[in-house]
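Chemist: These are the residues of each chain, in order.
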Amino acid sequence: MEYFIQQLVNGLTLGSIYGLIAIGYTMVYGIIGMINFAHGDIFMLGGFAALITFLVLTSVFVGLPVVILLLVMIAAAMLTASLWNWTIEKVAYRPLRGSFRLAPLITAIGMSIALSNFIQVTQGPRNKPIPPMVSSVYNVFGIAISLKQLIIMFLTVTLLAVFWYIVNKTSLGRAQRATEQDRKMAALLGIDVDRTISVTFIMGASLAAVAGTMYLMYYGVTVFTDGFIPGVKAFTAAVLGGIGSLPGAVLGGLLIGLIESLWSAYFTIDYKDVATFSILAIVLIFKPSGILGRPEVEKV
Amino acid sequence: MSDTLLSVQGVETYYGNIRALAGVNVEVKKGEIVSLIGANGAGKSTLMMTVCGSPQARTGSVIFDGEDITRLPTHLIARRRIAQSPEGRRIFPRMTVYENLQMGASLDNLKYFNEDVEKIFTLFPRLKERQSQRGGTLSGGEQQMLSIGRALMARPKLLLLDEPSLGLAPLIVKGIFDAIKKLNQTEGLTVFLVEQNAFAALKLSDRAYVMVNGQVTMSGSGKELLANPEVRAAYLEGGRH
Numbered sequence: 000m001e002y003f004i005q006q007l008v009n010g011l012t013l014g015s016i017y018g019l020i021a022i023g024y025t026m027v028y029g030i031i032g033m034i035n036f037a038h039g040d041i042f043m044l045g046g047f048a049a050l051i052t053f054l055v056l057t058s059v060f061v062g063l064p065v066v067i068l069l070l071v072m073i074a075a076a077m078l079t080a081s082l083w084n085w086t087i088e089k090v091a092y093r094p095l096r097g098s099f100r101l102a103p104l105i106t107a108i109g110m111s112i113a114l115s116n117f118i119q120v121t122q123g124p125r126n127k128p129i130p131p132m133v134s135s136v137y138n139v140f141g142i143a144i145s146l147k148q149l150i151i152m153f154l155t156v157t158l159l160a161v162f163w164y165i166v167n168k169t170s171l172g173r174a175q176r177a178t179e180q181d182r183k184m185a186a187l188l189g190i191d192v193d194r195t196i197s198v199t200f201i202m203g204a205s206l207a208a209v210a211g212t213m214y215l216m217y218y219g220v221t222v223f224t225d226g227f228i229p230g231v232k233a234f235t236a237a238v239l240g241g242i243g244s245l246p247g248a249v250l251g252g253l254l255i256g257l258i259e260s261l262w263s264a265y266f267t268i269d270y271k272d273v274a275t276f277s278i279l280a281i282v283l284i285f286k287p288s289g290i291l292g293r294p295e296v297e298k299v
Numbered sequence: 000m001s002d003t004l005l006s007v008q009g010v011e012t013y014y015g016n017i018r019a020l021a022g023v024n025v026e027v028k029k030g031e032i033v034s035l036i037g038a039n040g041a042g043k044s045t046l047m048m049t050v051c052g053s054p055q056a057r058t059g060s061v062i063f064d065g066e067d068i069t070r071l072p073t074h075l076i077a078r079r080r081i082a083q084s085p086e087g088r089r090i091f092p093r094m095t096v097y098e099n100l101q102m103g104a105s106l107d108n109l110k111y112f113n114e115d116v117e118k119i120f121t122l123f124p125r126l127k128e129r130q131s132q133r134g135g136t137l138s139g140g141e142q143q144m145l146s147i148g149r150a151l152m153a154r155p156k157l158l159l160l161d162e163p164s165l166g167l168a169p170l171i172v173k174g175i176f177d178a179i180k181k182l183n184q185t186e187g188l189t190v191f192l193v194e195q196n197a198f199a200a201l202k203l204s205d206r207a208y209v210m211v212n213g214q215v216t217m218s219g220s221g222k223e224l225l226a227n228p229e230v231r232a233a234y235l236e237g238g239r240h
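Just so you know, the protein sequences line up as chains A and B, in that order. In case it helps, numbering that gives the first Met the number 0 puts the first sequence at residues 0 to 299. In case it helps, numbering that gives the first Met the number 0 puts the second sequence at residues 0 to 240.
What the hints contain is simulated information worked out from the structure, not anything from laboratory work. Heads up, a few of these hints could be off.
Claimed, not checked - Simulated crosslink set (DSS-like; lysine-lysine; CA at most 25 angstroms straight-line): (1) LYS168(A) to LYS156(B); (2) LYS127(B) to LYS202(B); (3) LYS168(A) to LYS127(B); (4) LYS127(B) to LYS29(B); (5) LYS183(A) to LYS181(B).
Said to hold, decoys possible - Partial selection, computed: residues in chain B whose CB lies under 10 angstroms from chain A: (6) SER53; (7) GLN55; (8) THR58; (9) SER60; (10) ILE62.
Built from N, CA and C at the ideal position, the CB exists for glycine as well.
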């Protein structure tokens with residue numbers, strides 16, 4: 000039983016990270032109907048920004064408190080990732096809006112490759128380790144919960160609450176939802192659609208950057224290819240939860256995290272990805288729009 | 000002429016290579032109700048959307064309140080206080096009635112929202128009953144009311160109405176037309192409307208234009224056109240044949 004709960008905690012931690020990344024996929028899909036395949040690499044890039052910030056800060060200010068260190072790393076990662084995602088949207092996706100559907104998709108794959116190669120060239124191809132930042136582990140009724148895991152879950156819950164508030168209660172969120180539902184009508188009401196889309200890319204990148212920083216802190220290592228597998232998993236999470244649905248992205252992320260760690264714990268770790276994607280396939284056969292997704296047909 | 004609010008001059012609009020508007024001239028003065036009548040596919044809705052810059056006119060110009068707005072992006076045209084209740088109503092289906100109205104008041108960032116929403120609810124009490132319901136679940140008539148209400152929330156200088164009577168019961172149509180008339184008389188709201196219901200539109204309007212195949216073929220006061228035999232034959236007495 001303790002073993003099971005232990006795996007549950009591990010799965011939820013991993014799932015939180017997937018969920019944060021998945022939100023970026025689902026939001027961009029919701030608002031412009033394209034899959035931003037470069038989003039996984041934005042996540043990786045956020046991790047690298049955090050890594051560089053860590054190295055600079057720890058060499059310049061020796062003995063800086065970990066809290067401040069982490070907060071600055073997160074801020075730097077968010078800023079860098081947002082700037083990149085914003086630029087990519089502006090130069091690579093916006094000119095193709097209104098073109099045939101595959102064009103932005105192919106461009107996004109190109110952007111993904113370009114980003115990971117850029118990091119490979121500028122930062123080197125090797126694994127980049129950092130020393131452990133927080134190492135406390137608490138023992139709760141025989142279950143080991145590390146401070147890292149608590150930080151990740153706390154940050155995720157906080158960010159989701161802020162995010163939920165922005166999307167549902169602010170005029171920015173209303174403009175985003177309106178743009179998602181009827182772009183032309185939003186413009187007729189004075190909404191700057193291009194700006195709203197830019198903001199969406201920035202918001203998605205910020206969450207991915209936090210996820211990237213957490214990933215770095217959790218595993219203590221990053222590498223330029225790290226955008227790919229977590230990116231694909233997060234994309235899977237978004238599809239599993241129902242692409243376009245924000246709660247769906249979080250739910251999908253948590254589910255994938257859980258499936259992965261439970262499968263690794265009870266069966267063989269080599270097949271954990273097979274298990275994940277099989278469950279995705281099964282869900283999509285019986286519910287093509289995902290768990291919380293809405294069917295495409297709608298009365299207008 | 001300072002009392003001209005909207006002036007459409009020699010406008011041609013294309014969808015791809017198809018010319019939808021072939022040199023249209025229309026003028027709307029401050030405080031007027033002007034209607035545009037014509038058959039399906041004549042280009043009426045295209046003219047409405049061209050005024051809002053979506054699509055933009057290929058040639059000719061659209062002048063609003065002395066300013067050339069032909070090449071402005073749609074959202075900046077809206078910020079000049081041109082509000083439209085467009086063809087097909089375009090309610091945000093997954094937003095509540097209340098949120099749809101909030102979207103209408105985006106220009107002022109909800110500054111006058113509470114005051115204005117009460118007016119809309121007085122005008123269309125049905126919307127008040129339905130305020131927390133999703134837009135997509137409303138009936139056609141309710142959506143029409145919401146679309147007009149949403150446009151009014153923007154405190155427009157010029158209100159563009161594309162077929163406000165479409166899909167509504169005659170009694171509600173009368174209610175909406177009375178409301179338009181009242182807003183026009185009490186608040187000096189300028190209205191430019193497209194209508195299939197030519198009789199009601201001409202009765203309501205100060206002036207009107209008749210559109211055929213992307214061109215304005217006739218214009219005059221509402222009364223003149225009501226009396227015109229050609230108009231009567233084509234639009235008021237059930238077609239030419």
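Chemist: Report the numbers of all earlier hints that the structure fails to satisfy, in ascending order.
Modeler: Hints 1, 2, 4, 5, 7, 8, 9 and 10 not satisfied by this model.
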